[in-house]
Amino acid sequence: GAGVSQSPSNKVTEKGKDVELRCDPISGHTALYWYRQSLGQGLEFLIYFQGNSAPDKSGLPSDRFSAERTGGSVSTLTIQRTQQEDSAVYLCASSALAGAPTDTQYFGPGTRLTVL
Amino acid sequence: AQSVAQPEDQVNVAEGNPLTVKCTYSVSGNPYLFWYVQYPNRGLQFLLKYITGDNLVKGSYGFEAEFNKSQTSFHLKKPSALVSDSALYFCAVTYGQNFVFGPGTRLSVLP
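Protein chains in written order, with the working numbering: chain A, 1 to 116; chain B, 1 to 111.
I should point out that these hints are in silico values taken from the structure, not numbers from a laboratory.
Keep in mind that a hint or two might mislead.
Unchecked claim - Residues on chain A that point at chain B, a partial pick, calculated with CB under 8 Å:
1) Gly42
2) Phe65
3) Leu91
4) Tyr106
5) Gly108
Remember, predicted model here, so these are calculated numbers, not experimental data.
Glycine included, every Cβ here is placed at the ideal spot set by N, Cα and C.
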């Protein structure tokens, strides 16, 4: 596809379960970002991948959150032992250049996570 | 640390009237500024960005923004609002490897 895709679009889980969210960036984009958007809130940066470099994990809210990017393309965000406060829309974005601050990020449609 | 403020949670404007969505920033050095729009149940869409050069930047859907260094502002404008412009608008600034979004402003264009 031409844009960033994310799956699933919606995920409902029970408190304490683990979830995996997937992001397929635009082909050829070297940088990939994960954000969290809580209801009525702005975007909260979670993690950033740039090429083959070690990811910037400075935004991850706790050690229950982790992410990986295999082969420099697809990324998976994993939340272990989910809590109700994890309920949010998780957005993925990619950009073409190697994380240049002038580069435009292109966003996927998001995954809406609901923790019961 | 860099930050972005959008002082208005909500902006209401009548269709056909000009609209302004405000953004101010705080960053050391030269900022790179962006506007994104989010329609209901959709991801963010890029509207425009300021990197350098002309302070007036033109973007998608007839939007433009003016970079004002002395006032540290980057307000989004459109001469004539459409009902379809109703959405959530985010201002963002990058500095180094960091990308910081404002809290968002909800624009409602009334017919």
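The hints, checked one at a time:
The interface hint given for Gly42 (chain A) holds, since its Cβ lies 4 Å from the closest Cβ of chain B, which is under the 8 Å cut-off. Residue-level restraint check for Phe65 (chain A) is violated (minimum Cβ-Cβ distance to chain B is 18 Å; threshold 8 Å). Interface restraint check for Leu91 (chain A): the shortest CB-CB distance to chain B comes to about 6 Å, inside 8 Å, so the restraint holds. For Tyr106 (chain A), the interface hint holds, since its Cβ comes within 8 Å of a Cβ in chain B; the closest pair sits about 7 Å apart.
The closest approach between the C-beta of Gly108 (chain A) and any C-beta of chain B is roughly 5 Å, which is under the 8 Å cut-off, so the hint is satisfied.
Of the numbered hints listed earlier, the single one contradicted by the structure is hint 2.
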